[in-house]
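Peer 1: Keeping the supplied structure of chain A fixed, place chain B upon it in accordance with the hints.
Each chain, letter by letter, is given below.
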Amino acid sequence: MKLSIDENRCKGCNLCTKVCPYKIFREGKKLNRKGVAIPELDRPERCTNCRLRNLYGRQLCGVCQLTCPDQAIHWVEEEPYEPHKVAIEY
Amino acid sequence: MSYDEWFREDRLPHIYCAGCGNGTIINCTLAAVDQMGWKKEDTVFVSGIGCSSRAPGYILTDSLHTTHGRALAFATGVKMAKPAFNVVVFTGDGDMAAIGGNHFIHACRRNIDMTVVCMNNQIYGMTGGQGSPTTPRGCLSSTTPFGCAEPPFDLCELATAAGANYVARWTSYHVKELEKAVKVGLETPGFSFIEVLVQCPTAFGRRNKFRQVMDHVEFLKSHSLLKAKRDRMLDNHEHVPEDMFVVGELTKRNRPAIGVKP
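Taken in sequence, the protein lines are chains A and B. When the letters of the first sequence are read in order and numbered with our numbering, they come out as residues 1 to 90. When the letters of the second sequence are read in order and numbered with our numbering, they come out as residues 1001 to 1262.
Only chain A is shown next, with the shape it has when bound in the complex (with noise of 0.2 Å):
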């Protein structure tokens, strides 16, 4: 799975970026077609429901989805066969 951002519902509160464990949202800096700053992904492959959601079979954290007011976080099922980075933490 894989964190997504709707440009038309944020408003760009940035309150995602205040509540993450793993600080994934970072203050954006350019303006959309609205004037709003969308919220950047820092390495969004650490997302603990990135990884762990499908093995689970449940919600895991899932606080940024909770307290976004504008209900613009949404996680998305990834195509088959799609690359993507892998984070080590040690």
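If you're looking for bench data, these hints aren't it; they were derived computationally from the structure. Among the clues, some could well be false.
[What the hints assert, rightly or not] Covered by chain A, according to a simulated footprint, are these stretches of chain B (three or more residues, beta-carbon under 8 Å): (1) 1027 to 1033; (2) 1174 to 1188; (3) 1210 to 1221.
[Unchecked claim] Pair by pair, the computed Cβ-Cβ distance ranges are: (4) B:Ala1081 x A:Tyr56: 31 to 37 Å; (5) B:Ala1228 x A:Lys30: 42 to 48 Å; (6) B:Gly1037 x A:His74: 18 to 24 Å; (7) B:Gly1037 x A:Lys29: 26 to 32 Å; (8) A:Asn8 x B:Glu1005: 14 to 20 Å; (9) B:Thr1143 x A:Asn54: 49 to 55 Å; (10) B:Lys1261 x A:Glu7: 40 to 46 Å; (11) A:Glu89 x B:Asp1034: 21 to 27 Å; (12) A:Val63 x B:Met1244: 21 to 27 Å; (13) B:Asp1034 x A:Tyr22: 23 to 29 Å; (14) B:Glu1157 x A:Glu7: 31 to 37 Å; (15) B:Asp1034 x A:Tyr56: 15 to 21 Å; (16) B:Thr1143 x A:Leu52: 48 to 54 Å.
[As the list claims (entries may be wrong)] Pairs of lysine-lysine residues, derived as DSS-like cross-links and limited to a Cα-Cα distance of at most 27 Å, are as follows: (17) A:Lys2 x B:Lys1176; (18) B:Lys1180 x A:Lys18; (19) B:Lys1221 x A:Lys11; (20) A:Lys23 x A:Lys11; (21) A:Lys85 x B:Lys1221; (22) B:Lys1229 x A:Lys18; (23) B:Lys1221 x A:Lys23; (24) A:Lys18 x B:Lys1261; (25) A:Lys23 x A:Lys2; (26) B:Lys1227 x A:Lys18; (27) B:Lys1180 x B:Lys1221; (28) B:Lys1176 x A:Lys11; (29) B:Lys1209 x A:Lys11; (30) B:Lys1176 x B:Lys1082; (31) B:Lys1209 x A:Lys29; (32) B:Lys1176 x A:Lys23; (33) B:Lys1180 x B:Lys1229; (34) A:Lys23 x B:Lys1261; (35) A:Lys18 x B:Lys1183; (36) B:Lys1209 x A:Lys18.
Keep in mind the model is a prediction, meaning the values are calculated, not measured. We treat Cβ as the ideally placed atom computed from N, Cα and C, and that holds for glycine.
Peer 2: Frame of chain A, contents of chain B only:
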């Protein structure tokens, strides 16, 4: 994830200001409702007037957007006419504590089987930042420009004294706890009241040095005192700071309720 299907996708994004916590509370409530396994046609969301009361307009079930302060009166009617329905009321502090105060205490007294989620932003946000009955002492608003001189309402104490079966208070920072509290409230037969303190950057924060959203959320986080810790402090005869508010499950009891699902 799964509670997405409860939203009216065509109505989103909603009209709340950037950083308003009302959307967070809708998320938590819908996540709890989704876990209950209720059908959409058997669930009714009721609201009054105010920022908080826009919420049912974004939810796919049947809903009532009623007159100012009378959300609980209409919800009582729904429950009496159709006891099999599950009734959830979204309301705000100006809606429920100010103009609908009498409806609130009598709904608590009758102990009608419904769940009330009160989004307490401590000000009238929609109409331009007038002081509400829950504005803390010393806070500025457009009707109290030199600081509020009146003591505020403690809605949880009021609900407990009036006879509600389940009373809890959380903030918009404590999302997981709030979700669990709403779920317990939905499961409890009788009147369940969940007060949620929420940030309001536009009306409250602008006048009270919380111009940034995160400043207000940090304030809510650092000034909340868990009930267990408060009880421990009282047992040890320690001083409980006045500017902190108690969060957690405050009351859970089993008074006889009416309108419980047959």
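Peer 1: Within 27 Å, alpha carbon to alpha carbon, are lysine 1180 (chain B) and lysine 1229 (chain B)?
Peer 2: Holds, at roughly 19 Å.
Peer 1: Holds or violated: the segment 1174 to 1188 of chain B covered by chain A, criterion of 3 or more residues with Cβ-Cβ distance under 8 Å?
Peer 2: With 3 residues closer than 8 Å to chain A, the segment 1174 to 1188 of chain B meets the three-residue bar; holds.
Peer 1: Tell me if the straight-line CA distance from lysine 1209 (chain B) to lysine 11 (chain A) falls inside 27 Å.
Peer 2: With Cα atoms ~22 Å apart, lysine 1209 (chain B) and lysine 11 (chain A) stay inside 27 Å; holds.
Peer 1: Does the alpha-carbon distance linking lysine 18 (chain A) and lysine 1183 (chain B) stay inside the 27 Å limit?
Peer 2: holds (26 Å)
Peer 1: With a cut-off of 27 Å on the C-alpha distance, tell me whether lysine 1180 (chain B) and lysine 18 (chain A) pass.
Peer 2: holds (22 Å)
Peer 1: Quick one, are lysine 1176 (chain B) and lysine 11 (chain A) close enough, alpha carbons at most 27 Å?
Peer 2: holds (23 Å)
Peer 1: With 15 to 21 Å as the target window, see if aspartate 1034 (chain B) and tyrosine 56 (chain A) comply at their CB atoms.
Peer 2: holds (18 Å)
Peer 1: Checking C-beta pairs, does the segment 1210 to 1221 of chain B have three or more residues closer than 8 Å to chain A?
Peer 2: n = 3 at 8 Å, threshold three: holds.
Peer 1: Mind checking the hinted window 31 to 37 Å against the Cβ distance between glutamate 1157 (chain B) and glutamate 7 (chain A)?
Peer 2: Between glutamate 1157 (chain B) and glutamate 7 (chain A), where Cβ atoms are some 44 Å apart, the hint is violated.
Peer 1: Do the Cβ positions of glycine 1037 (chain B) and lysine 29 (chain A) conform to the proposed distance bound of 26 to 32 Å?
Peer 2: Since glycine 1037 (chain B) and lysine 29 (chain A) have Cβ atoms about 43 Å apart, the given range 26 to 32 Å is violated.
Peer 1: CB of threonine 1143 (chain B) to CB of asparagine 54 (chain A), is that within 49 to 55 Å?
Peer 2: Taking Cβ atoms as reference, threonine 1143 (chain B) and asparagine 54 (chain A) lie about 54 Å apart, which means the hint holds.
Peer 1: CA of lysine 1209 (chain B) to CA of lysine 18 (chain A), is that 27 Å or under?
Peer 2: The hint holds at about 19 Å.
The structure fails to meet hints 4, 7, 11, 14, 21, 24, 30, 34 from the earlier list, while all remaining hints are met.
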